[in-house]
Amino acid sequence: MTAAGTPDATAPATGDPMTELRSPLHDEHVALGAVLTSFAGWQMPLRYTSDLAEHTAVRTAAGLFDLSHMGEIEVRGPGAGAFLDRALVGDLSGLRVLGARYTMVVQPDGGVIDDLVVYRTGDDVYLVVANASNHDVVLHELRERADAVRGEVGDVDVVDRSAATALVAVQGPHALAVVEALDALVPDPAAPADVTPATLRYYACLPMRFEGGPVLVARTGYTGEDGFEFFVDAAAAPALWRALLTAGAAHGIAPAGLSARDSLRLEAGMPLYGNELDRTTTPHDAGLGRVVKLGKVDADGRPLPFVGRDALAARAQSAPARVLVGLQGLGRRAARHGYDVVASTAPDAPVVGTVTSGAPSPTLGHPVAMAYVTPEVSAEGRELAVDVRGRREPVRVVPLPFYRRPR
Amino acid sequence: MATDLPTTLQYTAEHEWVDEGSPATVGITAVAADALGDIVFVELPAVGDEVEAGAVIGEIESTKSVSELFCPVSGTVVEVNQSVVDDPSLVNTDPYGEGWLLRIEVVSTGALLSAQQYGALNP
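Protein chains in written order, with this note's numbering: chain A, 1 to 407; chain B, 1001 to 1123.
Among the hints, a few may not be true.
[To be verified] The following label-pair restraints were derived from C-beta to C-beta distances:
hint, chain 1, residue 1, chain 2, residue 2, range
1, A, 143, B, 1052, 54 to 62 Å
2, A, 366, B, 1082, 46 to 54 Å
3, B, 1098, A, 249, 25 to 33 Å
4, A, 376, B, 1083, 43 to 51 Å
5, A, 20, B, 1093, 44 to 52 Å
6, B, 1083, A, 193, 33 to 41 Å
7, B, 1082, A, 317, 37 to 45 Å
8, A, 184, B, 1086, 41 to 49 Å
9, B, 1006, A, 16, 51 to 59 Å
[Claimed, not checked] In silico contact screen, one side only, chain B against chain A (beta carbon under 7 Å); selected entries:
hint, residue
10, 1038
11, 1040
12, 1041
13, 1045
14, 1064
15, 1093
[To be verified] Chain B residues, not near chain A, derived (Cβ > 12 Å throughout):
hint, residue
16, 1035
17, 1043
18, 1096
In case anyone wonders, no lab produced these hints; they're calculated from the structure.
Every residue, glycine too, gets a C-beta built ideally from N, C-alpha and C.
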């Protein structure tokens, strides 16, 4: 038996365990018997027991994830909002305090450097969360872009908080019950008194206290389920992790690894940097043109010249060369990242696209994939095929996401 | 993991096992099944197929990855485990028992390892 095909971004890899970064929760993972994997220079849990069991726990009860490998970059100062409007494609100065927004940092040509979630934690304070693999490059870009506009927008500091910050997520229909069972989690006196985890809106955050220390609780996630993410001091993370497992025991919580995280986000149709997004891809290519705010204006009402604006304005007007679609596998074999999409199962059918992510869907019971295809074959219901290691497996174009949680 | 290796079996470096029965039963090791994660699909050769030691004769697919199945012996496939085709998770739960893959009437064997040799490669 030997590995065939192209491995997924989260497949087990052979990094050097001696030089890799370890999460503040590393000992917790080892104690839980996790299979560790190399991911973006970190040793992180791939799974604790079974990919399917962890995936199912998140869909039916709750899963607990360690995301401490993600990059946390604080942007602060009187010019912070105006700076982020210039550095990112979104409208960040328009974000309300304690709101969150999905956005991107792009190259001048519109190619995506990373997709980000930005939390506004104060009038002049933003927390930018970058993918682990892009932490260094995002930090570098933000610092360079801050240097370029500081004179125009005012004082702004870009501070890397990654090493000092752990990130833990509880995701699933029982996530709120788990968080409410966490006795040591109490309101922060400085936070709005009328907001609790129960009333916290999707894509919003709330400063709280856990065992006396600060924790930022956000109603965000990457699984397609309701859930909460906890930004906490690295030193406090093990106690929070254990408390969540204890509080969640009665609610069916299970620690969940990167493998389940990948299959969950795929079912939810969420892009993964390095798969659906990269520097050759514009937000529009990925069907995410809505995050690009071409209408942003400066204080004088003039169009705001953010990095990538000209290229993306042109891109918004042109017909796409390729379209990101969902593919439902009609056979049992799953398409994987990098496989060719072909026009039909006929042996001579031409290549019409490339699979960006694919796996058997644990929730739906059939293979699913995301792929870039030519616009001519992108219509819903269109039957295509994927070249699965020399055999042409039939697929059908279906809308994204594959899975939407019942409300 | 190596401590669980049945000493009555022989192994390939690619993680297949084969017993000394006639016909011989073939499967994949617990080491391989654990590395793959939850197995959701197996593709096996058909009964009657002539197979060759060292050749790829099937595929094993988990939620995360796909692996090729190499044949440890040369001969004729006389039985495939339909239970595993119907429920591939048997390979995870009982790789040396219910999770066997196929039976082959052996003509000759390929390069095989003892449990000790395989265990040394997969500590």
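Checked hints:
1. Range check, residue 143 (chain A) to residue 1052 (chain B): Cβ separation about 59 Å, and the 54 to 62 Å hint holds.
2. For the pair residue 366 (chain A) and residue 1082 (chain B), the supplied restraint of 46 to 54 Å is violated, since their beta-carbon distance comes to about 21 Å.
3. Between residue 1098 (chain B) and residue 249 (chain A) the CB atoms are about 31 Å apart, so this pair conforms to the stated range of 25 to 33 Å.
4. The hint said 43 to 51 Å for the Cβ distance between residue 376 (chain A) and residue 1083 (chain B), and at roughly 44 Å that hint holds.
5. The hinted window of 44 to 52 Å between residue 20 (chain A) and residue 1093 (chain B) is violated, with their beta carbons roughly 31 Å apart.
6. Our hint of 33 to 41 Å for residue 1083 (chain B) and residue 193 (chain A) is violated, since their Cβ atoms are close to 60 Å apart.
7. For residue 1082 (chain B) paired with residue 317 (chain A), a C-beta distance near 57 Å fails the hint of 37 to 45 Å.
8. Separation of residue 184 (chain A) from residue 1086 (chain B) is about 48 Å and conforms to the stated range, judged on CB atoms against 41 to 49 Å.
9. Between residue 1006 (chain B) and residue 16 (chain A), the C-beta spacing of about 33 Å breaks the proposed range 51 to 59 Å.
10. Look at residue 1038 (chain B): its Cβ gets to within about 4 Å of chain A, closer than 7 Å, so that hint holds up.
11. Evaluation of the residue 1040 (chain B) hint against chain A yields a held restraint, the C-beta minimum of about 5 Å falling below 7 Å.
12. Taking 7 Å as the C-beta contact cut-off toward chain A, the hint placing residue 1041 (chain B) at the interface holds, the least distance being around 5 Å.
13. Annotation: residue 1045 (chain B) was flagged as interfacial toward chain A, and the flag is violated, the nearest CB pair being 15 Å apart, outside 7 Å.
14. Proximity of residue 1064 (chain B) to chain A holds as hinted, the smallest CB-CB distance being about 5 Å (cut-off 7 Å).
15. Because the beta carbon of residue 1093 (chain B) sits about 10 Å from the nearest beta carbon in chain A, more than 7 Å, this interface hint is broken.
16. The non-interface label for residue 1035 (chain B) is inconsistent with chain A: the shortest C-beta to C-beta separation is roughly 7 Å, within 12 Å.
17. Not every C-beta of chain A lies more than 12 Å from that of residue 1043 (chain B), the closest at about 8 Å, which undercuts listing it as non-interface.
18. With a least beta-carbon separation of about 14 Å from chain A, residue 1096 (chain B) lies farther than 12 Å from that chain, consistent with its non-interface assignment.
Figure legend: structure checked against the earlier numbered hints; hints not met, in rising order: 2, 5, 6, 7, 9, 13, 15, 16, 17.
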